[in-house]
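Participant: Given the sequences, and given the hints that come with them, work out the whole structure.
Number of protein chains: 2
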Amino acid sequence: MTSLKRLFMLDPGVTFLNHGSFGACPRPVFNAYQAWQRRLENQPIQFFHHDLPGLVKETHRALGAYLNASPDDLALVTNATYGVNIISRSLALKPGDEILTSDQEYGSCNSAWNFACRKTGATYIHHHMQLPALSAKDIADDFWQGVTSRTKVIFLSHITAPAALRFPIEEICRRARQNNILTLIDGAHAPGQIPLDLTAIGADFYAGNCHKWMFCPKGAGFLYSRPEVQHLVEPLVVSRAFEPEKEPAGGHPMVDYFTWTGTRDPASFLSIPAAIEFMEKYHWDEVRQQCHALLRWAISQICDMTGLEPLYPLDSDFYAQMGIAPLPPVKDLPAFRQRLYNDFHIVIPIGPWKEHLFARISVQGYNTKADIEALLKVLRQLLSEFSE
Amino acid sequence: MTSLKRLFMLDPGVTFLNHGSFGACPRPVFNAYQAWQRRLENQPIQFFHHDLPGLVKETHRALGAYLNASPDDLALVTNATYGVNIISRSLALKPGDEILTSDQEYGSCNSAWNFACRKTGATYIHHHMQLPALSAKDIADDFWQGVTSRTKVIFLSHITAPAALRFPIEEICRRARQNNILTLIDGAHAPGQIPLDLTAIGADFYAGNCHKWMFCPKGAGFLYSRPEVQHLVEPLVVSRAFEPEKEPAGGHPMVDYFTWTGTRDPASFLSIPAAIEFMEKYHWDEVRQQCHALLRWAISQICDMTGLEPLYPLDSDFYAQMGIAPLPPVKDLPAFRQRLYNDFHIVIPIGPWKEHLFARISVQGYNTKADIEALLKVLRQLLSEFSE
Numbered sequence: 001m002t003s004l005k006r007l008f009m010l011d012p013g014v015t016f017l018n019h020g021s022f023g024a025c026p027r028p029v030f031n032a033y034q035a036w037q038r039r040l041e042n043q044p045i046q047f048f049h050h051d052l053p054g055l056v057k058e059t060h061r062a063l064g065a066y067l068n069a070s071p072d073d074l075a076l077v078t079n080a081t082y083g084v085n086i087i088s089r090s091l092a093l094k095p096g097d098e099i100l101t102s103d104q105e106y107g108s109c110n111s112a113w114n115f116a117c118r119k120t121g122a123t124y125i126h127h128h129m130q131l132p133a134l135s136a137k138d139i140a141d142d143f144w145q146g147v148t149s150r151t152k153v154i155f156l157s158h159i160t161a162p163a164a165l166r167f168p169i170e171e172i173c174r175r176a177r178q179n180n181i182l183t184l185i186d187g188a189h190a191p192g193q194i195p196l197d198l199t200a201i202g203a204d205f206y207a208g209n210c211h212k213w214m215f216c217p218k219g220a221g222f223l224y225s226r227p228e229v230q231h232l233v234e235p236l237v238v239s240r241a242f243e244p245e246k247e248p249a250g251g252h253p254m255v256d257y258f259t260w261t262g263t264r265d266p267a268s269f270l271s272i273p274a275a276i277e278f279m280e281k282y283h284w285d286e287v288r289q290q291c292h293a294l295l296r297w298a299i300s301q302i303c304d305m306t307g308l309e310p311l312y313p314l315d316s317d318f319y320a321q322m323g324i325a326p327l328p329p330v331k332d333l334p335a336f337r338q339r340l341y342n343d344f345h346i347v348i349p350i351g352p353w354k355e356h357l358f359a360r361i362s363v364q365g366y367n368t369k370a371d372i373e374a375l376l377k378v379l380r381q382l383l384s385e386f387s388e
Numbered sequence: 001m002t003s004l005k006r007l008f009m010l011d012p013g014v015t016f017l018n019h020g021s022f023g024a025c026p027r028p029v030f031n032a033y034q035a036w037q038r039r040l041e042n043q044p045i046q047f048f049h050h051d052l053p054g055l056v057k058e059t060h061r062a063l064g065a066y067l068n069a070s071p072d073d074l075a076l077v078t079n080a081t082y083g084v085n086i087i088s089r090s091l092a093l094k095p096g097d098e099i100l101t102s103d104q105e106y107g108s109c110n111s112a113w114n115f116a117c118r119k120t121g122a123t124y125i126h127h128h129m130q131l132p133a134l135s136a137k138d139i140a141d142d143f144w145q146g147v148t149s150r151t152k153v154i155f156l157s158h159i160t161a162p163a164a165l166r167f168p169i170e171e172i173c174r175r176a177r178q179n180n181i182l183t184l185i186d187g188a189h190a191p192g193q194i195p196l197d198l199t200a201i202g203a204d205f206y207a208g209n210c211h212k213w214m215f216c217p218k219g220a221g222f223l224y225s226r227p228e229v230q231h232l233v234e235p236l237v238v239s240r241a242f243e244p245e246k247e248p249a250g251g252h253p254m255v256d257y258f259t260w261t262g263t264r265d266p267a268s269f270l271s272i273p274a275a276i277e278f279m280e281k282y283h284w285d286e287v288r289q290q291c292h293a294l295l296r297w298a299i300s301q302i303c304d305m306t307g308l309e310p311l312y313p314l315d316s317d318f319y320a321q322m323g324i325a326p327l328p329p330v331k332d333l334p335a336f337r338q339r340l341y342n343d344f345h346i347v348i349p350i351g352p353w354k355e356h357l358f359a360r361i362s363v364q365g366y367n368t369k370a371d372i373e374a375l376l377k378v379l380r381q382l383l384s385e386f387s388e
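First to last, the protein sequences are chains A and B.
Note that this note's numbering numbers the first sequence so that position 16 is 16, with each residue one more than the last.
Note that this note's numbering numbers the second sequence so that position 24 is 24, with each residue one more than the last.
Do not take every clue at face value.
Cβ-Cβ distance ranges computed for the label pairs, FRET-style [claimed, not checked]:
1) A:K5 with B:H49: 14 to 24 Å
2) A:A200 with B:H345: 48 to 58 Å
3) A:K5 with B:L7: 30 to 40 Å
4) A:E280 with B:D332: 39 to 49 Å
FYI, nobody ran anything at the bench for these hints, they're computed from the structure.
Don't be surprised by glycine CBs; every beta carbon is placed ideally from N, CA and C.
Facilitator: Structure below.
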């Protein structure tokens with residue numbers, strides 16, 4: 001994996017173990033990104049009026065093929081949070097309706113549902129998920145305890161932000177469909193980190209980022225909607241003659257009403273095909289497996305060091321390239337973090353969650369065993385230095 | 001003005017007379033734009049978590065100084081349409097409420113209000129504006145005829161898209177305030193084209209683009225809200241713990257709740273200070289006057305050629321760097337347009353509006369008298385070739 005590092009733009013003086021927060025864009029994709037921007041500025045009218053519709057269509061096609069979804073069922077959106085907001089504001093919630101979610105959801109998405117509930121009188125219910133997780137069926141059964149006759153929507157992360165835990169959304173979406181409950185999956189961390197087959201997953205709505213694990217530049221995401229529920233969806237930014245009584249001009253509401261939201265730089269969207277090509281060219285399926293193996297080793301080493309138990313079995317597929325390792329309490333967390341970054345140039349999120357301290361480790365193709373060894377060495381030193 | 005052309009990235013083989021549609025970004029601003037993107041990719045966490053809040057604050061400060069508004073009363077948004085959508089969805093409209101607008105508004109903004117009215121039972125009323133326009137007072141008096149006791153909101157372009165006509169919004173906002181009517185101004189075409197003093201204008205809400213006449217790269221706009229009405233405004237994309245009962249973390253709702261909408265490339269926003277510096281460095285106030293003089297000459301020449309009357313007195317300030325010239329009917333408009341672009345490489349929007357054909361001419365610092373002479377020569381030839 002050493003040779004892959006030169007493909008990325010990350011500061012070589014830093015040990016970067018936080019791909020999960022914002023991703024990192026490889027040079028070939030980034031160059032494609034900036035080349036689109038130059039092309040736009042060379043002939044703006046030609047670009048927006050003549051070239052862009054075809055380019056967007058090609059982007060939908062490539063993304064649809066990658067996600068196993070019809071291109072017409074995808075909208076290009078800035079990020080997963082944006083996609084979640086589209087759905088949380090579109091659904092005609094009523095007082096008494098319940099939106100069931102887990103206690104591992106991302107803050108901004110919780111805020112979006114809180115807002116929708118304040119507006120409508122619906123209730124947002126965080127189901128406490130049992131940890132450690134032992135099997136997909138256990139997780140699904142546990143979550144299903146939260147379902148009531150008032151559950152109208154299930155909102156779940158595919159891979160959660162705080163715990164990097166992969167939820168068994170296929171099984172949960174299957175049960176939800178049987179019970180006429182709508183499903184929205186927050187796939188912020190999934191596309192590119194795990195193989196994704198939107199048709200097989202069967203969610204009604206799925207919002208994802210392309211700028212995290214799919215290597216796009218920032219501001220590239222998608223919202224998938226199953227054809228049968230697309231009539232429920234309304235744009236956040238109404239533009240381009242959104243008149244839902246009529247057929248849209250291009251004939252595809254998700255493309256025509258959601259991807260177009262006034263003048264913006266579309267280069268992040270147009271970089272999606274280059275990002276997919278990048279992953280193919282460098283055999284990222286294999287790179288991912290190496291990353292997972294390295295991550296597994298990292299967590300097991302930390303658990304050996306601390307004597308703490310991991311949150312999920314390390315030989316499971318509950319995690320892929322991102323995982324969390326429990327840490328013992330430290331006496332001054334801000335100082336601990338500062339030492340880690342300022343003195344050792346290691347970038348990794350460490351914070352409290354559910355009464356414990358955790359390090360969330362991301363391993364991407366640019367990381368090497370030496371990065372993990374550096375982390376282990378520094379953790380050993382700092383945990384001793386800051387022990388309570 | 002010849003020397004300014006080399007500062008822009010436009011294809012030198014094209015006579016570009018359509019700055020009004022998407023703007024054009026000068027090289028120094030564009031280079032700053034792409035440099036922000038490289039800096040972000042070099043250290044993503046450092047950039048988003050540590051640097052960006054201060055950079056955004058500096059952007060607000062520079063933009064506020066340019067627009068004569070408090071930095072805290074501005075939100076950075078992708079474009080003016082986005083800003084209009086924030087307001088059209090925020091205001092608690094009720095059945096019977098009227099939103100009064102003109103018959104010269106931009107299609108996407110009309111769609112936004114149509115959507116809000118379908119949701120709430122309010123009515124969107126297009127007041128037919130008398131043309132030709134003779135005085136600011138006449139326009140204001142004319143528009144005011146549309147006001148009724150049910151008028152809750154006045155929505156008006158500062159400079160209209162189809163006619164490039166500058167509305168007397170200061171006078172209209174003054175009367176509206178006296179009558180407890182909220183005002184939202186669509187400033188898509190104003191900032192950078194005319195001097196703008198948001199405090200003096202006195203609108204409740206003002207949405208503007210920085211990527212048209214202010215020279216930013218695409219996707220930079222703002223929404224101004226008067227402090228007294230900010231409590232009415234809700235974000236489209238709810239994120240970053242939007243909980244309006246509480247004080248926002250940074251203490252400034254417009255910044256904290258509206259500028260932050262999940263991970264995106266913020267480089268277009270961060271280019272705003274570079275764009276303002278560009279205009280100062282190249283004395284754009286003087287450039288603008290030269291552009292206006294050249295535009296005035298262009299319209300008068302076309303009117304001489306066609307024998308048609310301009311829509312507004314050519315010695316008025318109803319227009320600045322963008323104006324429309326009426327044309328006689330042509331027998332095959334698509335073929336006419338194709339000849340203009342394919343054979344003569346002139347980029348200019350020509351289309352029917354209110355039973356007449358118009359050319360909308362934009363003159364920017366990269367244009368020269370030779371561009372207008374080329375246009376005049378080709379128009380003379382094609383109008384004869386395509387005369388009905």
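Participant: May I ask you to test the hint 39 to 49 Å on the CB atoms belonging to E280 (chain A) and D332 (chain B)?
Facilitator: holds, 47 Å
Participant: Go ahead and decide if the range 30 to 40 Å is satisfied by the Cβ distance of K5 (chain A) to L7 (chain B).
Facilitator: holds, 38 Å
Participant: Tell me if the beta carbons of K5 (chain A) and H49 (chain B) are separated by a distance inside 14 to 24 Å.
Facilitator: About 23 Å separates the Cβ atoms of K5 (chain A) and H49 (chain B), which means 14 to 24 Å holds.
Participant: Taking 48 to 58 Å as the stated bounds, is the beta-carbon spacing between A200 (chain A) and H345 (chain B) within them?
Facilitator: At 50 Å between Cβs, range holds.
Consistency with the previously given hints is maintained throughout, with no hint failing.
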